[in-house]
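Enquirer: Each protein sequence line maps, in turn, to chains B and G. Numbered per this note's numbering, the first sequence spans residues 1 to 312. Numbered per this note's numbering, the second sequence spans residues 1 to 312.
Since the hints were made in silico from the structure, they are not lab data.
A pair counts as met if it fits within one copy or between any two copies, since identical chains are not told apart.
In silico SDA-like cross-links for lysine to any residue, where the CA-CA straight-line distance does not exceed 25 angstroms: (1) 280 / 178; (2) 290 / 74; (3) 130 / 310; (4) 280 / 168; (5) 265 / 176; (6) 150 / 127.
Protein chains: 2
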Amino acid sequence: MKKYCFGIDVGGTTVKMGLFQIDGELLDKWEIPTRTEDGGKAILPDIASSVLTKLQEKGIEKEEVAGVGIGVPGPINAEGTVPHTANLGWGYKEVTRELEELTGFICRGGNDANVAALGELWKGAAAGHKNGVMVTLGTGVGGGIIVDGKIVVGTHGAGGEIGHIHVDDAIPGFCGCGNQGCLEQVASANGIVYLAKWMHREAPCDTSLTIESMSAKDIWDAVKAKDNFACEVAERFGKYLGLGLANIASTVDPEVFVIGGGVSKAGTVILDYIQKYFVKYTFRGCREAKFVLATLGNDAGIYGSAKLVIEE
Amino acid sequence: MKKYCFGIDVGGTTVKMGLFQIDGELLDKWEIPTRTEDGGKAILPDIASSVLTKLQEKGIEKEEVAGVGIGVPGPINAEGTVPHTANLGWGYKEVTRELEELTGFICRGGNDANVAALGELWKGAAAGHKNGVMVTLGTGVGGGIIVDGKIVVGTHGAGGEIGHIHVDDAIPGFCGCGNQGCLEQVASANGIVYLAKWMHREAPCDTSLTIESMSAKDIWDAVKAKDNFACEVAERFGKYLGLGLANIASTVDPEVFVIGGGVSKAGTVILDYIQKYFVKYTFRGCREAKFVLATLGNDAGIYGSAKLVIEE
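Same shape as in the complex, but just chain B (with noise of 0.2 angstroms):
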């Protein structure tokens, strides 16, 4: 009988770590450091090994886990397999096949951004759906579909990759892909600060913010306090955004837009300046769909990991 299972979410500097009951209760939660010397070659050992121990720890019987799910920082195909994660060492790496004969249990591996959305869409702020998108807004713009239930992978493990939709060919310099317009390069929390100072540039005037030194946070503070420009900023970072999400919109028709990242922090505002553009632009039958704040936090890549090796 299964009772348990294990979430995991390997970042660049520390791995998340927890155990799950398989209806979705966190029961602990811990981290261990990533160590990328080497090629990252102790990152799986060191998972495997405290898996193993918490197992020990806690009295759980190895016949009830269900499995571990890992999340890791790049695209990873439907068989578990990585060409290349440049943050934690690894080149091609066979990452379900080596944890699976390291545990002995059953592994299934996914990218970060995709299981932190299959994490909310199980037990955060879209609980209960089964078709829904979520954008990340941090250093970059991450993404993760769902579509009944599942995470679109795709075929080169790039599905959800919505931070290099392409939104405006006048962006000035290139995204971090190579490639020039994208999403990211206005929407993250330097894309933001970096669309300000563009647009500051292009046409000067008077603002509470100091543009050589504002962070995504003082921008937000701003449009709350009515700045003038940072509201422009914020109207254009929503018309982007807003953009990209109603093309998806009419690609696969979600019930929900799960917002998170530290840019989400500054709140519903910006799900206000997102949503005028996204009825804008999106096809009529797709007005709907709703937006919500993500609730998960860090721990959406652990509870969405679980939920990789649990049926329905």
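Starting from the known structure of chain B, fit chain G onto it as the hints suggest.
Expert: Chain G alone, transformed into the frame defined by chain B:
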């Protein structure tokens, strides 16, 4: 033992019908008129009657039939219900439930553009692929998204409404959907003519085309004859469609794009223009997606509908 199934494609004028072996071999196809009068109340009984007559004619037992799949020209949800299908005279209608009662068979329904996509991935240009996107460039621009061998229906039956992806604020006038800047305004058969007229109005120039009375075919013929203006129109068409499909790729990361509909009869020249901009705009990881022309033509709908009732 289930050996046969039916694929039905309901259009505004005729209903296309196909009898298939469950391995996908088309045994017989025929058409009946679509009687849209009186709220289209005869359509489903006509289809049921034609199905049952065909069984008698072929000496097939009811026990040998896996089911009946039906494609309709409008949104239809996962339960087989349509809110309203203007072309057929239908208001709210439980299409598959009614057809099940009339035939005694299991019935499954899909949107016509979506089932055409499923057909092309099952037995057409993209046979053997599980993840693909079909774009139908006809009177409008339709689409279908197939993920893991299944149609992405969407919450409101609007999955694959890719004609309503927003591509440019500058496009004059309104799309049939009420929005501005939709792909359909510039990439359907009428759309490319609209695009050419707009471009010629903005920047008049010499061309072999007769601007007042050109057709989409005239434009592609002029492209093949190296008319400069026609080639500029083709570039812009390629840019819009390449951009729209690039953003779809960054969302669902398909293996293959199938281009169908009347406009695709211009041949592989259109793929070159689309792919040029697709590669420019899409996320690096998705650039290897293949582009192919549809091969099933008007039969794509009956193939895809039939596939709806066949399990893997």
